[in-house]
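**Student:** Note that the sequence shown covers residues 14 to 673 in this note's numbering.
I should point out that these hints are in silico values taken from the structure, not numbers from a laboratory.
Since we're looking at a predicted model, the values are computed, not measured.
Misleading hints may appear alongside valid ones.
To be verified - Taking lysine-lysine and the DSS-like style, the derived pairs with C-alpha atoms no more than 25 Å apart in a straight line are:
#	residue 1	residue 2
1	Lys124	Lys232
2	Lys549	Lys232
3	Lys573	Lys549
4	Lys364	Lys128
5	Lys390	Lys441
6	Lys348	Lys210
7	Lys549	Lys520
8	Lys93	Lys210
9	Lys124	Lys446
10	Lys168	Lys348
11	Lys168	Lys152
12	Lys507	Lys128
13	Lys446	Lys421
14	Lys549	Lys106
15	Lys507	Lys421
16	Lys351	Lys421
17	Lys549	Lys93
18	Lys93	Lys106
19	Lys421	Lys232
20	Lys351	Lys232
21	Lys93	Lys421
22	Lys85	Lys580
23	Lys364	Lys351
24	Lys128	Lys106
25	Lys507	Lys85
26	Lys351	Lys168
27	Lys441	Lys451
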Amino acid sequence: MKNTIKHICCIALLSLGIVSLSSFFIVHSHNSSFRWRFPYERQGLTERQAAAHLLSRFTYGATPGEIDEVVKSGLENWFKHQMEANLPDDSLKRMLSQYDALSLSNTQVAKEFPKNAQVLRMAISAGVVNKDSVKADQKAYRDVLQNYMQQNGMKPEQELFRQFINQKILRAAYTNNQLQEVMTSFWFNHFNVSLTKNDCAQFIPAYERDVIRPNALGKFNDILLATAKSPAMLYYLDNFTSSAANNDMQAAKKPIRATQLQNMIGQPVDTGRRATLMTKLKKAKGIQGLNENYAREVMELHTLGVDGGYTQQDVTQAAKVLTGWTIYPIGEYGKLGKNIMDKIGTDRLEKRGFVRDSDFLFNANRHDKTEKVVLGKHFGPDEGYQEGVQLLTMLAHSPATAKFISRKIAVRFVSDTPPQSLIDKMAKTFLDKDGDIKQVLITMVSAPEFWSPSTLREKTKSPFELAIGSVRSLHATIQQPYQLYNWINKMGEKVYYYQAPTGFPDKGQYWINTGSLLNRMNFGLALATGRIPGVKVDLAALNNHHEPESAQAALTIYSKLIMPERKLDETIKRLTPLLTDPNLAQRVDEASSNKLYVKEGQPASMTMTAPEKMMADNKLAAQGKQPNNITAMQPKGANNNSMLGQVVGVIIGSPEYQRR
Numbered sequence: 014m015k016n017t018i019k020h021i022c023c024i025a026l027l028s029l030g031i032v033s034l035s036s037f038f039i040v041h042s043h044n045s046s047f048r049w050r051f052p053y054e055r056q057g058l059t060e061r062q063a064a065a066h067l068l069s070r071f072t073y074g075a076t077p078g079e080i081d082e083v084v085k086s087g088l089e090n091w092f093k094h095q096m097e098a099n100l101p102d103d104s105l106k107r108m109l110s111q112y113d114a115l116s117l118s119n120t121q122v123a124k125e126f127p128k129n130a131q132v133l134r135m136a137i138s139a140g141v142v143n144k145d146s147v148k149a150d151q152k153a154y155r156d157v158l159q160n161y162m163q164q165n166g167m168k169p170e171q172e173l174f175r176q177f178i179n180q181k182i183l184r185a186a187y188t189n190n191q192l193q194e195v196m197t198s199f200w201f202n203h204f205n206v207s208l209t210k211n212d213c214a215q216f217i218p219a220y221e222r223d224v225i226r227p228n229a230l231g232k233f234n235d236i237l238l239a240t241a242k243s244p245a246m247l248y249y250l251d252n253f254t255s256s257a258a259n260n261d262m263q264a265a266k267k268p269i270r271a272t273q274l275q276n277m278i279g280q281p282v283d284t285g286r287r288a289t290l291m292t293k294l295k296k297a298k299g300i301q302g303l304n305e306n307y308a309r310e311v312m313e314l315h316t317l318g319v320d321g322g323y324t325q326q327d328v329t330q331a332a333k334v335l336t337g338w339t340i341y342p343i344g345e346y347g348k349l350g351k352n353i354m355d356k357i358g359t360d361r362l363e364k365r366g367f368v369r370d371s372d373f374l375f376n377a378n379r380h381d382k383t384e385k386v387v388l389g390k391h392f393g394p395d396e397g398y399q400e401g402v403q404l405l406t407m408l409a410h411s412p413a414t415a416k417f418i419s420r421k422i423a424v425r426f427v428s429d430t431p432p433q434s435l436i437d438k439m440a441k442t443f444l445d446k447d448g449d450i451k452q453v454l455i456t457m458v459s460a461p462e463f464w465s466p467s468t469l470r471e472k473t474k475s476p477f478e479l480a481i482g483s484v485r486s487l488h489a490t491i492q493q494p495y496q497l498y499n500w501i502n503k504m505g506e507k508v509y510y511y512q513a514p515t516g517f518p519d520k521g522q523y524w525i526n527t528g529s530l531l532n533r534m535n536f537g538l539a540l541a542t543g544r545i546p547g548v549k550v551d552l553a554a555l556n557n558h559h560e561p562e563s564a565q566a567a568l569t570i571y572s573k574l575i576m577p578e579r580k581l582d583e584t585i586k587r588l589t590p591l592l593t594d595p596n597l598a599q600r601v602d603e604a605s606s607n608k609l610y611v612k613e614g615q616p617a618s619m620t621m622t623a624p625e626k627m628m629a630d631n632k633l634a635a636q637g638k639q640p641n642n643i644t645a646m647q648p649k650g651a652n653n654n655s656m657l658g659q660v661v662g663v664i665i666g667s668p669e670y671q672r673r
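Generate coordinates for the entire structure from the input sequences, incorporating the hints supplied.
**Tutor:** Here you go:
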């Protein structure tokens with residue numbers, strides 16, 4: 014990967030610096046709590062260099078002066094507080110207070126932010142819209158629906174998503190509990206759900222808030238069980254539809270008899286209501302038969318891994334174990350089911366084996382009551398909800414899971430190809446400590462492999478990490494978080510919208526190519542020159558309002574401020590040719606586009622792409638020559654010190670800054 018990025022550096026001028034870090038060991042104190050000592054001196058590393066490495070791995074990037082703060086408090090003490098994740102976040106809470114949707118329950122979200130189809134159905138039912146005229150005049154009926162929503166206190170779903178995305182940007186940029194937020198992103202990506210799937214989209218904010226973040230530094234079994242019972246996951250991987258293959262409830266292709274309908278809801282049904290109930294139940298997604306999606310992914314992606322030793326038969330049997338794991342009726346579409354369950358009563362449902370936990374429901378009538386065998390372990394017959402709990406607990410404590418999860422954590426925090434010796438140590442701790450994520454992190458950080466020179470700055474920042482790290486390193490003020498999200502999306506990471514259950518790949522080769530480096534440099538220039546609305550930077554304040562004597566001096570000063578504790582001689586040398594180019598921002602912007610160019614004096618058929626043009630121009634700049642056919646143009650909205658903005662933009666856009 015390093016060689017790949019080094020090859021691409023002809024565009025953005027990569028300079029790699031390798032520094033070594035020491036290992037550390039654990040010391041047990043008299044009160045049985047643990048304290049850490051980082052013997053980095055043994056590797057010739059200064060305390061500041063060690064602090065910089067910790068910050069690069071366990072935060073979204075060091076803020077100005079944060080290395081000093083970590084050194085002052087003690088590196089070991091800083092790490093301990095990060096794992097406890099209870100540092101005060103009063104200023105962040107004030108920022109988040111403007112987002113009223115963030116505290117809503119799933120039921121409240123479904124009511125306040127209904128889907129378009131639900132709004133239309135309600136409006137037709139209320140007589141506001143004539144269903145026969147819906148397609149006749151699209152604009153007219155949209156206006157009517159908008160007024161209907163406003164009058165009934167409903168808001169468009171996109172507003173919910175915008176608030177949710179804004180809070181993510183602000184948390185990552187400003188929380189003092191950085192490790193918890195980094196681990197929240199890690200686990201969300203591991204247990205991925207996507208806003209692209211309409212069924213689960215409404216419930217993703219609560220999924221992150223109530224399931225992922227509280228368990229990010231807890232025990233793996235807890236987060237696995239919590240995700241399995243979440244409406245977001247139940248909808249995303251379709252387990253909410255899964256019913257026993259031999260159960261009368263799921264016989265959707267057969268006529269539903271009155272006696273069957275009575276069994277479904279647990280009470281007699283009068284003839285007058287039967288036709289309506291039958292029609293609705295036939296259409297319900299809960300009568301679709303056995304669904305193996307979640308059972309397959311929980312083994313392949315969440316626990317054992319693709320080489321975890323399970324078979325297709327295990328997947329099918331696991332799916333049967335998890336039949337009946339569904340969602341307690343939520344929102345407009347769930348009114349019928351909720352009314353029926355309320356009439357039956359909690360006590361009667363519990364006696365019949367139903368289990369409700371907040372928005373999760375185990376429907377005993379839909380559960381496969383036969384004996385199942387998964388990975389040699391027998392489940393049932395007819396042990397109900399506990400079968401699923403036992404299955405997930407077994408998967409969470411499997412040696413294959415320990416290795417799989419340990420590898421993923423090591424890939425996130427150490428390198429794209431972590432040594433097997435480190436993974437083995439982490440996996441042993443995972444098994445010995447009941448899947449305690451904190452203990453696994455301690456083992457990782459205390460291992461010599463974590464501090465190996467080959468792992469330093471081996472990881473490539475994702476677009477989200479680059480954007481958040483940049484605003485943190487420049488001490489930027491974020492007033493419009495969604496503007497940063499737009500840039501993150503442009504650089505290739507549409508957070509919360511990744512469709513596949515795998516989540517985003519955590520490998521540098523996924524993020525880095527010619528086009529992405531150009532977009533990253535464009536982002537750096539836009540941020541540093543004040544061209545991102547609602548994101549303000551004060552570059553002079555970073556240097557205590559001391560104005561550099563020249564662009565070259567500014568490059569040296571701000572490289573050290575933005576990339577502290579690195580060897581930067583080669584980086585500064587390679588970035589120098591870009592300092593005096595008055596058209597850099599325009600050329601990078603053009604190079605990021607799909608335009609084709611023709612060299613002067615050559616036929617129109619001899620075109621070159623925008624990246625190829627920039628490579629040629631950079632080569633001329635490195636030779637001290639002016640690029641051909643470039644019209645001078647300063648970026649619109651640039652801050653007062655365009656020279657300083659360009660210098661800082663070049664630093665942020667450089668491949669060296671892409672490393673952490």
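**Student:** Next step is simple, just say for each hint if it's right about the structure.
**Tutor:** Now for the hints, and whether the structure bears them out:
| no. | hint | verdict |
| --- | --- | --- |
| 1 | Lys124 with Lys232 | violated (33 Å) |
| 2 | Lys549 with Lys232 | violated (39 Å) |
| 3 | Lys573 with Lys549 | holds (21 Å) |
| 4 | Lys364 with Lys128 | violated (35 Å) |
| 5 | Lys390 with Lys441 | holds (23 Å) |
| 6 | Lys348 with Lys210 | holds (22 Å) |
| 7 | Lys549 with Lys520 | violated (31 Å) |
| 8 | Lys93 with Lys210 | violated (38 Å) |
| 9 | Lys124 with Lys446 | violated (42 Å) |
| 10 | Lys168 with Lys348 | holds (20 Å) |
| 11 | Lys168 with Lys152 | holds (18 Å) |
| 12 | Lys507 with Lys128 | holds (21 Å) |
| 13 | Lys446 with Lys421 | holds (18 Å) |
| 14 | Lys549 with Lys106 | holds (20 Å) |
| 15 | Lys507 with Lys421 | holds (21 Å) |
| 16 | Lys351 with Lys421 | violated (40 Å) |
| 17 | Lys549 with Lys93 | violated (32 Å) |
| 18 | Lys93 with Lys106 | holds (23 Å) |
| 19 | Lys421 with Lys232 | holds (16 Å) |
| 20 | Lys351 with Lys232 | violated (33 Å) |
| 21 | Lys93 with Lys421 | holds (22 Å) |
| 22 | Lys85 with Lys580 | holds (23 Å) |
| 23 | Lys364 with Lys351 | holds (18 Å) |
| 24 | Lys128 with Lys106 | violated (29 Å) |
| 25 | Lys507 with Lys85 | violated (38 Å) |
| 26 | Lys351 with Lys168 | holds (23 Å) |
| 27 | Lys441 with Lys451 | holds (14 Å) |
Consistency note: the structure conflicts with the earlier hints numbered 1, 2, 4, 7, 8, 9, 16, 17, 20, 24, 25.
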